[in-house]
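Participant: The chain contents come next:
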Amino acid sequence: MTRTLRELWAFFWRDLLIARTYRTVFVLEAIEALFGVAMFFYVARFVDSPQLQQALPQGGGYFAFSLIGFVFLDYLNAAMDTFDRSLEEARDSGTLEHLLVTQTSLPAILAGSAVYPFAATTLRIAVYVAWGTVLFGFPLRDANWLAVASVLLATLLAFSGLGILSASYLLLFKRGNPAKWFLLGVSSVAGGMLFPVSVLPDWLQLIARLNPVTYALDAMRAALLGGAGVQAVWRPLLVLVAFGAVLLPASMAVFSWALRRTKTTGTLTHR
Amino acid sequence: MPEAAIRVAAIQKSFPPARSGWRAFLQPFEKPSVVALAGISFEVRPGETLALLGANGAGKSTLLKILATLLLPSKGDATIAGYDAVREARAVRRQIGYHAGSDLGFYARLTGRENLRFFGRLNHLSETALTKRISLLAEQFRLEEALDRQLRTLSSGTVQRLSLARALLHQPHVLLLDEPTRSLDAIGASEFRRFLKTEVLGQGDNSLLFASHTLSEVELLADRVAVIDAGQLVVCDTPAALKHTTGTTSLEDAFLRLTGRAPQLAQEEEPE
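Chains as they are written, first to last, in the working numbering: chain A, 5 to 275; chain B, 36 to 307.
The reader is advised that the hints may include incorrect statements.
Stated by the list, open to error - List of simulated lysine-lysine pairs, PhoX-like, C-alpha gap at most 25 Å: (1) B:K66 to A:K267; (2) B:K110 to B:K167; (3) B:K232 to B:K278; (4) A:K178 to B:K167; (5) B:K66 to B:K167; (6) A:K267 to B:K110; (7) A:K178 to A:K267.
Unchecked claim - Stretches of chain B that chain A covers, calculated by requiring three or more beta carbons in the stretch to come under 8 Å of a beta carbon on chain A: (8) 51-62; (9) 132-146; (10) 157-164.
Claimed, not checked - Label-pair restraints from in silico Cβ distances: (11) A:V234 to B:P81: 55 to 65 Å; (12) A:S109 to B:H279: 45 to 55 Å; (13) A:R145 to B:S191: 57 to 67 Å; (14) B:D183 to A:G231: 44 to 54 Å; (15) B:R177 to A:P182: 43 to 53 Å; (16) A:V245 to B:S191: 42 to 52 Å; (17) A:S109 to B:S76: 27 to 37 Å; (18) A:G98 to B:H159: 15 to 25 Å; (19) B:D258 to A:A254: 23 to 33 Å; (20) A:S202 to B:V121: 47 to 57 Å; (21) B:H248 to A:T126: 49 to 59 Å.
Derived from the structure by calculation, the hints contain no laboratory data.
Glycine residues also receive a C-beta, built at the ideal position from the N, C-alpha and C atoms.
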């Protein structure tokens, strides 16, 4: 356990040191977040109406609803993107072979590559929410932080499996991230990101109910805006944990198989 | 008799043919039909240095990658210090230091020290041991200045030395080097060879298996030479014995004669 933590720390520290050499990026991202939040605020002012507020399940107005949908998309993007981007960078920089000849196991290499990107995404989301709260009145006072953290963790577990599947695809076919395209494509319409699923036709609502993103967003809005505790959001949490419990080991098995395949075909470092 | 540091027994390796266009999607699942190694066997004893000598595409890098657990053999067995390179890959990785001979493989925006610390941690070295090993290797490899500079600012030669330092960081007993002086200039290569001979091979039971096209390097470092041609082992003997059996005075002539390229070379050199 200690050894695994040291390995994860080594990856986190490596990525932090690399990020430190691009200091202006932090400032630019904070400014970009401000513009993003301002855009949602003014769009909400334009479209908000009493009827719209009634259609939003957790209250708080369209600004809060859409901002949560947007930052959650960032998280989902990180979970889906991190593994194959790390793999691609390692392959292109020539470090992949050197990582694979160390004594660190493959699951630790994969998990380690994801620690910093997830931490950075969490920080970026915090900046979005901070701008929203300080400048535009995002209603944060009722938030239940334990439930928020539980939902985020369950979301990461649930969607990391899809990210690892994408990395397996990249190992074998060298380009593309079909799982990400599919999930983000479906979720942008049938996931409740920028509008509630109740406005969708019945057949799309059915798809939304099968989509774990819908559960994650419902739980996140309930915890952040409605102050719902862990007990109140146990059902969507359970769905996310079940999704992760099936997908994570399955995706690890697929990744190991893909790695064996590339070691057989000699295409591990091919671009 | 001590266990062989490296044992390669009837190793075969074939790759699927390269494909382009839509057929590239089927490539990962195609049957391997391009032969890279056709049943090679040899042993490297503890403390011994063996050179792999062969033309481009002869199979040298493929063999080194199999031993480094980066490729799976199609048939045959490969063991390092008694551990099987396929079934006990993690134990094998504890025994080896691998150096791919290019100046890639580091994080360009990290310093030499940060890179070494990162890879050392992944090889389970404690922070104290890491600090000691890095300063010892930096002194031996004359890397003191490079340690606190970003990799992207270092010359190829310095990065090569850093790469060798990384391979030795966890004190492996077996070194696998693939064309270790490929991107070095003549002076850098000469210093590198001298360093390898005196500082690395001159100490203890370290075994070295390396591939090289530089025959003077092979003569200087190798106890024995394995000549590989088209995936097959032609002969494995000392440089002196190779010259003696082929009736030549240089390793280059011996190599050309052993691989059947001597007449071809003679024709090419014949004046019109």
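Participant: Within 25 Å, alpha carbon to alpha carbon, are B:K66 and B:K167?
Facilitator: With a Cα-Cα distance of about 48 Å, the restraint between B:K66 and B:K167 is violated, given a limit of 25 Å.
Participant: Given the range 55 to 65 Å, decide if the beta-carbon distance of A:V234 to B:P81 lies inside it.
Facilitator: Given range 55 to 65 Å: holds, Cβ gap about 59 Å.
Participant: Does the alpha-carbon distance linking B:K110 and B:K167 stay inside the 25 Å limit?
Facilitator: The hint is violated at about 41 Å.
Participant: Given the hint of 45 to 55 Å, check if A:S109 and B:H279 actually sit that far apart at their C-beta atoms.
Facilitator: holds (48 Å)
Participant: B:K66 and A:K267: Cα distance at most 25 Å?
Facilitator: Distance ~14 Å between B:K66 and A:K267 Cα, so the pair holds.
Participant: Has the hinted range 57 to 67 Å been met by the Cβ atoms of A:R145 and B:S191?
Facilitator: Holds, at about 59 Å.
Participant: Determine whether the Cβ-Cβ distance between A:V245 and B:S191 falls within the hinted range of 42 to 52 Å.
Facilitator: Given a distance of about 50 Å, which is inside 42 to 52 Å, the answer is holds.
Participant: Starting from the hint 15 to 25 Å, judge whether the C-beta atoms of A:G98 and B:H159 obey it.
Facilitator: holds (23 Å)
Participant: Determine whether the Cβ-Cβ distance between A:S202 and B:V121 falls within the hinted range of 47 to 57 Å.
Facilitator: Between A:S202 and B:V121, where Cβ atoms are some 55 Å apart, the hint holds.
Participant: For A:K267 and B:K110, compute the direct alpha-carbon distance and say whether it is at most 25 Å.
Facilitator: holds (14 Å)
Participant: Per the hint of 23 to 33 Å, is the separation of the Cβ atoms of B:D258 and A:A254 within bounds?
Facilitator: Because 49 Å falls outside the window, the suggested range is violated.
Participant: Given a hinted range of 43 to 53 Å, is it respected by the beta-carbon distance of B:R177 and A:P182?
Facilitator: holds (49 Å)
Figure legend: structure checked against the earlier numbered hints; hints not met, in rising order: 2, 4, 5 and 19.
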